[in-house]
Structures are given as C-alpha cells and as structure tokens.
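Q: Using the UniProt record's numbering, the first residue of the sequence shown is number 1, and each one after it goes up by one.
These aren't lab readings, by the way, just hints derived from the structure by calculation.
Source: prediction; values computed, not measured.
Cβ atoms here follow ideal geometry from the backbone N, Cα and C, with glycine treated the same way.
Treat the hints with care, as some may be off.
Okay, derived cross-link-like pairs now, DSS-like style, lysine-lysine, Cα gap no bigger than 27 Å in a straight line [as the list claims (entries may be wrong)]:
hint : residue 1 : residue 2
1    : K124      : K189
2    : K322      : K163
3    : K189      : K320
4    : K287      : K143
5    : K249      : K276
6    : K314      : K205
7    : K127      : K183
8    : K246      : K322
9    : K322      : K249
10   : K287      : K183
11   : K189      : K163
12   : K301      : K183
13   : K287      : K205
14   : K287      : K322
15   : K124      : K246
16   : K163      : K249
DEER-style ranges, computed between Cβ atoms [unchecked claim]:
hint : residue 1 : residue 2 : range
17   : H385      : P209      : 51 to 57 Å
18   : P209      : V353      : 15 to 21 Å
19   : G107      : R232      : 38 to 44 Å
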Amino acid sequence: MAAISSFSALQIAQKKTVLSLAPIALQHCQYSSDVPRIIKNPTTTSLKRGTGGRSSFNGIVCTVFGNTGFVGRYVCNRLGKIGTQLILPYRGEHYSSMRLKLVGDLGQVLFHPFQLTDEDSIRKCIKYSNVVINLIGRDWQTKNFTFDDVHVHGARRLARLAKEAGVERFIHLSTLSCSPDPKPILLPKGSGFYRSKWRGEQAVKEEFPEATIVRPATIYGQEDRWINVYCRFWRRHLRGTALWEKGEKTEKQPIWVGDVAGGITALVRDPSTAGKTYQFAGPQRYKLGDLVDWMNYFIRKEAKDYGYRRLDLKNCPFFKLKVSLVESISPGYPLGNLHWDGLEKEHTSDILVPELPTLEDIGVYPCTMESRIAWELRPFKLGAHYMERVGEFPDPEPPKPIAMSPA
C-alpha cells in the first residue's frame with residue numbers, strides 16, 4: 001500500500017505541471033500498423049523514457065483485470081517486456097498476484113485490491129491508466145458468481161467506469177463461437193458460458209463503443225483447462241475418453257496462449273484497432289477426436305499397451321453419472337474441471353466469422369500446435385521421470401488438418 005500511495009502522490013504532483021505542448025506522437029507500432037499513438041493532455045508522466053525493454057517506460061499505463069488467470073500471466077509478461085507500467089488489481093489473497101512483480105522493472109508493476117462489485121475500488125485501479133484490459137472470466141458458475149455476474153454485469157461495470165475515467169483504450173477478452181442462442185449439444189439450452197460471453201460483448205460495446213473485442217479459439221498451454229483436462233484421471237472412462245459422437249463432429253482450431261498474449265500486446269500498441277472485434281485462432285483446424293488421440297499417443301497411453309480408445313458419450317451412462325456427482329459434491333471447483341457446461345463448451349466447434357479480422361491482420365503469426373505439443377505435454381508423459389534417449393520413443397504422426405465445415 002505504501003508503493004501505491006507514493007505512486008498516487010507522484011502522479012498528482014506531476015499532473016499539476018501540465019506541459020503546454022501539442023499532442024505528441026509516440027514511436028510507430030512495430031506490428032502491422034504505422035498509426036502512431038496520440039497522447040492527449042501530455043505530461044511528463046506520459047512521455048516514453050529509455051531505449052525499450054523492461055527497464056524503460058513506453059508511455060502506456062495499463063490496468064489488467066484478471067491478471068492472475070491463465071491468459072493474464074502471459075499478457076502481463078508481454079506488456080512488461082516492452083516497458084509498460086502495470087496496475088494489477090487483485091481480489092482476496094495478494095500472494096497469488098505478487099509473483100507478477102517480476103514482469104517489470106522496479107516501480108513498473110503496482111498492485112491494488114479490488115472487488116468486482118465495488119465501484120470505488122475499481123476507480124482507484126484505473127484512475128491513472130490510459131489502457132484497461134478485462135481478462136476476468138469463469139468456466140463454471142458458483143454460488144457467489146454466476147456467468148452473468150462475471151461476463152455481463154462485471155464487464156459492463158468495468159467498461160462504464162473506464163469510460164467515465166477517460167481511459168483511452170479498453171480491451172475485452174470474449175471467446176470464439178459466442179452466440180445469443182448457442183446450438184444445444186448435451187444441454188437443452190446450450191452452453192451458458194457462450195451465451196453470457198455474447199451478452200458481455202454487447203454490454204461492453206454499449207458502455208465503451210471504442211472498445212476492442214478479442215475472440216480467442218480454444219487456448220492451450222501447460223496451465224490450461226483443455227490439455228490438462230484430457231490428460232487427467234477424471235476425464236477418463238474405462239481407460240478411454242468419452243466424446244460426443246466420438247469427436248467426429250467437433251472441429252477445433254487451437255491457439256497457443258503465448259500467441260494470444262502477443263496479439264493483445266499488439267492491440268495495445270496499435271490505436272487503429274479501437275472499436276474492432278478480432279478473432280484469435282491457430283493456423284490449422286482439426287477434428288476433436290483426432291486431437292484427443294494424438295495427445296494420448298504422445299503421452300504414451302496408446303491402445304496397444306494402455307488400452308486407450310475413443311468412446312461415444314451417449315453410450316457411457318456411468319461417465320455421465322460421474323460428471324453429475326462431481327458437479328454436485330464440488331460446485332465451487334469441480335474435480336478435474338469436470339462439469340456439464342464444460343463438456344458442452346468442449347464439444348462446440350470453433351467458428352470463425354469471415355468478415356472479422358484475425359491475428360495475421362495485426363502482424364502476429366501463430367505457431368503450429370505440432371511445434372508446441374512436446375513441451376506442453378511433457379508433464380503428462382507415462383514415466384515422465386524417465387529421461388529417454390533421442391529417438392527412443394518416436395513421436396506419433398500429428399493429425400491431418402481439415403477445412404472449416406460450412407455453418
């Protein structure tokens with residue numbers, strides 16, 4: 001709190017000494033656009049300092065809500081790497097957020113407590129920022145926070161307060177395939193997650209019309225809730241994996257979390273992206289069943305030795321019972337991330353809208369899943385403690401990419 005107080009005092013003192021300068025353009029964006037960022041009401045605190053990197057200041061003060069989440073940690077690291085001053089709000093215990101102190105140089109990363117329903121605490125977090133990023137989200141509902149509480153009402157509140165505070169840029173993380181009426185697969189009304197994400201987008205646009213919306217496809221990484229789910233005990237059924245229609249009717253276009261963070265960093269630095277909706281997806285598209293086979297073969301739990309096989313979910317009553325039991329006995333944090341809305345979301349295909357821009361349009365070219373899978377699946381390999389010789393266990397053939405099916 002002492003650091004926050006000194007930071008506020010410094011900002012207030014410097015705001016009183018407003019320079020009589022014309023709007024100043026910072027250096028050109030290193031990505032696809034050459035549109036410079038215009039500083040409104042320039043002061044000594046808004047001017048870049050240094051030659052670049054973590055020990056410099058690029059003129060951007062950014063508040064990142066949801067910084068302790070899976071995507072948030074990568075985004076903070078990328079922003080800190082280019083000299084962004086970060087305000088990191090945290091809820092509850094501060095130690096989960098304090099590890100991010102290392103993403104920036106001394107004095108560049110500051111923390112402040114907040115509560116999503118407490119507007120005064122939010123105002124304090126965004127008071128001196130010119131960029132606000134909303135990464136807050138939930139994969140399942142709890143008694144304290146429903147999907148709408150987080151994705152709709154919370155997002156609307158952040159956008160409204162950012163607009164009132166005069167924040168220049170607001171970036172909101174949504175999801176690909178969000179829809180006001182998602183197609184039902186396992187649940188009668190479809191995924192509540194996708195439905196609330198769509199309403200959240202509309203709420204943000206109403207409160208902050210210049211907001212930038214990011215719609216990522218299925219995101220993977222070592223801390224994710226996708227690879228981790230498929231490689232864990234709770235997702236298995238009789239040594240196999242139960243999938244809707246054996247995964248043959250679900251298409252995924254996975255994207256590495258580092259590319260998502262790189263894309264958001266590019267959006268922060270490019271003012272021409274304001275008011276647009278971007279789709280972040282991987283370079284290749286696969287059938288879900290092929291991906292699950294590939295992951296199991298990669299961790300050496302293949303059919304020959306381990307008995308792995310793909311099962312049709314509708315023919316697995318005991319697996320359905322397990323999902324319902326897990327959801328009922330641990331509603332706050334489903335064991336193994338196993339819950340019905342998660343299964344619904346998992347079997348919904350990633351659908352891209354042709355008219356919307358993608359990562360490539362901002363100069364970020366995502367890596368292939370084949371180049372990352374060995375690292376991401378390393379902790380789950382059978383006998384992971386054993387250091388095999390090069391070529392001792394040949395890697396399985398990657399699945400064949402497919403073209404997008406017509407909607």
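Q: Please verify whether K163 and K249 have alpha carbons no more than 27 Å apart.
A: violated, 42 Å
Q: Straight-line Cα separation of K287 and K183 no greater than 27 Å?
A: holds, 18 Å
Q: Hinted pair, alpha-carbon criterion (27 Å max): K249, K276. Please report holds or violated.
A: violated, 31 Å
Q: Given the hinted pair K322 and K249, is their Cα-Cα distance within 27 Å?
A: It holds: about 23 Å lies between the C-alpha atoms, which stays within 27 Å.
Q: When you check the alpha-carbon spacing of K322 and K163, does it fall within 27 Å?
A: violated, 46 Å
Q: Does the structure keep K287 and K143 at a Cα separation of 27 Å or less?
A: Since the Cα atoms of K287 and K143 sit roughly 35 Å apart, the hinted pair is violated (cutoff 27 Å).
Q: Under the criterion that the straight-line Cα-Cα distance not exceed 27 Å, is the pair K301, K183 satisfied?
A: Not OK: K301 and K183 at ~33 Å, beyond 27 Å, violated.
Q: Quickly compare the C-alpha distance for K287 and K322 to 27 Å and report which way the hint goes.
A: It holds: about 25 Å lies between the C-alpha atoms, which stays within 27 Å.
Q: Verify the proposed pairing of K287 with K205, using a straight-line Cα cut of 27 Å.
A: The hint is violated at about 33 Å.
Q: Would the hint linking K246 and K322 be met if the CA-CA limit is 27 Å?
A: holds, 18 Å
Q: Within a Cα-Cα threshold of 27 Å, do K314 and K205 meet the stated pairing?
A: violated, 39 Å
Q: Run the distance test for K127 versus K183: straight-line Cα separation, threshold 27 Å.
A: violated, 41 Å
Checked against the numbered hints given earlier, this structure breaks hints 1, 2, 4, 5, 6, 7, 11, 12, 13, 15 and 16; the rest are met.
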